[in-house]
Amino acid sequence: MNAPLRRSGVVILVLFGLIFANLNWIQAYKADDYRTDPRNQRVQVAEYERPRGSIEAAGGVALAQNTETEGELKYQRVYPKKEIYAPILGYKPVDGAAVGIEAAENDILSGASDKLFADRLSDMFTGDSTGGGNIVLSINPRAQEVAWKQMTDNERGVTKGAAVAIDPATGAVQAMVSMPSYNPNPLANHDTAAARQAYDKLEADKDQPMLNRAVANTLPPGSVFKVIVSAAALEHNYNIGSELQAGSVYQEGGATIRNSEDEVCPGSTITLKKALTTSCNTAYSRLGVKLGRDVVIDTAKKWGFENEDLVVGDLESKKGLSVAASRTGAIANEDGSVDKAALAQSSLGQRDVRMTPLQGAMIAATVANNGSQMQPYLVQQQLDSDRRTIYTAKPKELREPIDSSVAKDLQEMMQSVVEEGTGKNARISGLTVGGKTGTAQNVAGADPHGWFVGYALDEDGKPVSAVCVMLENVPGGHASAEAARIAGLIMKAAAGQGGN
Amino acid sequence: MSRIRQWKTRRNAELGLLAFAMLLVAAFGATVEANQFDEIRPNFWVPAALIGILFLGLHVVVRFTAPFADPVLLPAVALINGIGVAFLRRLDIARAIANDEPVPGFFAETGGRQLAWTLLSLILAAVLLLLLRDHKVISRYAYTLGLVGIVLMMIPAVLPGSISEVNGAKLWIRLGSVSIQPGEFAKLALVSFFAYYLVRKREVLSLASHRFLGIDFPRGRDLGPVITVWLFSLLVLVFEKDLGTALLYFGLFVVTLYVATERSSWLIIGLVLFFGGVYVAYLLGSAIGGPFANFYDRAELWLDPFSQENYTRESGNSYQLVQGLLGLGTGGLFGTGPGAGSPGKVPEVRTDFIFAGLGEEIGLFGLAALLVIYLLIVERGLHAALAVRDSFGKLVAGGLAFTLGLQVFVILGGITGLIPLTGQTTPFLSAGGSSLMANWLLIAMLLRISDAARRPANSIAERISGPKKAPTQLHGAMTEVIKP
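Chains as they are written, first to last, in numbering that gives the first Met the number 0: chain X, 0 to 499; chain G, 0 to 483.
Calculated from the structure, these hints are not laboratory results.
Treat the hints with caution; some may be incorrect.
Claimed, not checked - To give an idea of the chain G side of the interface with chain X (calculated C-beta under 8 Å), a few residues:
#: 1; residue: Thr-227
#: 2; residue: Phe-231
#: 3; residue: Leu-233
#: 4; residue: Leu-324
#: 5; residue: Leu-327
#: 6; residue: Gly-330
#: 7; residue: Gly-336
#: 8; residue: Ala-368
#: 9; residue: Leu-381
#: 10; residue: Ser-390
#: 11; residue: Phe-408
Even for Gly, the Cβ is constructed at its ideal location relative to N, Cα and C.
Working from the sequences, and respecting the hints, build out all of it.
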């Protein structure tokens with residue numbers, strides 16, 4: 000019986016060897032993964048040993064801060080402004096990954112960044128747990144709150160939309176609102192089951208409150224796209240006085256283009272400036288077809304369309320809210336040749352053209368900033384726990400789609416839109432305002448989306464703010480009029496006038 | 000090896016090793032206090048001393064009743080038992096601190112209860128050593144023990160779930176605050192019965208066979224008991240909803256059969272039957288659910304514990320397994336140190352998952368050392384089986400040692416995700432009286448058999464251990480056929 004006994008001993012040895020090998024896999028190879036797994040509550044306890052840094056708007060208004068608790072996790076993350084800033088800030092859940100600026104600036108906020116090395120070094124000697132660093136956003140709280148209030152109290156009862164305001168000269172985001180929004184506080188609940196329940200409820204909401212419509216959602220821009228087509232024309236031997244062929248109907252390749260109302264440009268010709276002012280569809284469709292597909296697509300690309308890797312955060316780390324790419328679509332038949340019907344419609348910002356509200360604001364900002372498009376950013380400053388500055392945004396030019404003479408022409412045209420055209424609702428006393436409205440057809444039978452992009456210049460002609468307002472499915476006609484009104488009020492607040 | 004060396008009892012070596020083991024337990028306790036209180040309190044050594052006194056008592060009993068017993072077994076088990084008590088006390092301390100309660104006394108809460116269970120277990124082991132001076136005596140009661148074993152094993156299956164079910168597995172008898180796992184004791188009884196039955200039947204089982212596909216298959220009627228136990232283990236799996244227990248009983252039987260007959264065909268048949276049975280249970284679980292559903296769920300969790308779906312399922316989710324793995328991973332190579340981790344995050348860390356909790360604090364190196372000590376215990380048991388001169392003793396010692404090893408494999412394999420998780424206790428480590436008592440009885444049996452194995456068969460040995468009594472015959476030994 001001894002031989003099988005010995006073999007049994009070998010079997011046990013092998014079985015124990017398997018356990019040992021598996022332990023090596025878990026405790027050596029996979030150790031780092033397990034140590035940092037969001038489900039590992041040990042990580043959370045350590046993380047909540049010290050207070051996470053605060054996030055503030057310009058001027059020190061606290062947007063994300065901590066309160067001390069009695070529980071095992073010592074600090075509770077609190078968002079005092081609830082829905083208003085949620086699309087920007089995101090939230091920091093206890094047992095999962097953060098989103099929004101909470102995620103993008105996590106290194107600073109949690110204190111893990113190399114920039115805070117001195118803090119951690121001093122902690123080693125003092126035995127204290129210094130909090131993480133703080134983030135100061137470029138957001139102007141007055142503009143943000145006016146934008147939120149006007150969007151949610153809009154006169155047409157629209158429930159979905161977005162508004163973005165940026166400083167044309169720097170790219171600093173002054174306001175960013177997405178509607179509907181959500182209250183991030185329940186998502187940061189220490190009771191993970193309750194937090195998950197709150198998340199599931201938001202996730203199941205068909206209005207998608209957690210979607211940041213300002214940067215992550217693209218919709219047909221409608222006539223706003225005419226600014227791009229105008230720029231293409233001005234760069235291709237047209238000037239603002241060039242006579243364009245107009246008329247009440249234009250048929251091209253099976254598509255029929257009409258004006259929004261019969262009294263818009265019924266005459267046979269119209270100047271470029273007047274065409275933009277009245278938003279003459281037939282003139283722009285013909286213009287787009289005449290310029291050709293490649294000119295339209297390339298010009299849009301120069302302004303930022305098709306850009307897939309833009310993020311809005313700080314200008315250094317390339318982390319932030321990622322911005323969905325705006326698109327013109329292929330404008331081609333199946334064999335690759337130019338689809339003229341599609342080109343005629345695309346020149347009006349319809350068909351497959353899609354744009355984010357941020358892209359809209361960047362278009363207006365580029366015009367206001369004499370052709371130089373600045374990279375948009377949200378993080379103005381990073382401060383260490385003692386509020387010493389460790390980073391200040393240094394504005395960067397992203398691209399230069401047009402030269403300053405084209406920009407001046409576009410300014411004249413867009414100002415005409417606000418002074419005597421479709422954008423009158425955006426006028427602000429004391430400021431020079433230019434802009435362009437857009438009414439975008441979408442699903443057949445649904446109300447159109449209302450757009451307005453615009454900018455404001457102060458008395459010295461310096462740009463103050465560039466805004467894009469988008470309202471989804473506006474009932475009651477003149478969809479863009481309400482967007483223009485809201486945009487005017489946001490720019491007024493950003494310029495330091497008005498507000499609550 | 001000289002003849003003189005063979006007579007050495009090595010009892011002083013045992014005492015020395017025991018003292019060393021208790022030093023390690025005291026060091027563990029001191030580290031826990033340093034990490035939990037930021038100071039080592041002056042009476043940190045008391046728990047180690049208390050448990051040391053208990054083992055010293057058993058050592059004295061061994062010295063007089065089994066002087067030639069293996070000197071490594073007792074200290075090795077004492078070390079694991081001691082670490083278990085110290086770790087349970089560490090969990091009590093952490094809970095008291097978290098709840099702002101005073102530090103529990105040495106005899107309070109889980110740690111104190113485990114200390115009391117250890118005392119009771121050691122008394123039982125000592126009584127067994129005192130009463131049972133020759134292991135062959137057991138063979139007289141083999142059929143009774145067989146019956147007792149099967150009854151013990153089946154009791155929880157027939158009891159209503161309110162008394163027998165804990166976390167989905169029906170393995171307990173719960174009366175008020177006391178809960179016993181009768182299966183732990185069934186192990187001992189069944190090994191004795193198997194050993195006796197197989198010693199009597201081994202010739203016919205090993206010789207009469209048909210050859211098919213190059214494997215010697217036994218005759219159908221001789222397969223009877225194997226099929227019976229196979230069915231029993233599947234019944235256990237189905238009604239007690241526990242794969243681990245089924246695996247344990249079946250493995251125990253197949254291995255004793257294999258050792259007795261020396262025919263590897265038994266291993267092949269056993270493995271095919273077991274894994275076939277498990278696979279069928281899995282398929283049935285997915286198809287019809289019912290009593291197989293629990294097993295099916297566990298298999299699903301085992302296949303992908305980290306999937307969010309399995310992790311957050313309403314019932315029977317992988318939360319515990321994942322938290323255990325995260326704890327082990329957090330411990331890494333060196334561990335956080337005793338008292339410095341968060342083993343309280345793992346559900347059931349006092350019983351099923353104690354190894355995961357310990358692993359966070361003592362790390363891969365600590366767990367490897369613990370594994371080696373378990374391996375040492377098993378291999379020492381097998382060594383006693385090799386050296387003992389009677390077939391019955393060989394089978395009992397071999398069966399017990401193998402079962403112990405298998406149980407360690409089943410629970411540790413479950414916790415580390417190597418095999419589907421089952422609700423086994425970790426021998427000598429987990430909180431719980433029945434497991435501790437049964438396993439100490441098992442060690443007492445191994446000590447007894449190793450004493451017989453190492454006892455020199457000459458007059459000097461008789462002078463040391465007193466006059467030899469008339470040799471006890473294996474009950475019914477006349478039926479044993481001597482193989483040429």
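Item to complete: Against the earlier hints, flag every one the structure doesn't satisfy and list their numbers going up.
Response: 1, 2, 3, 7 and 8
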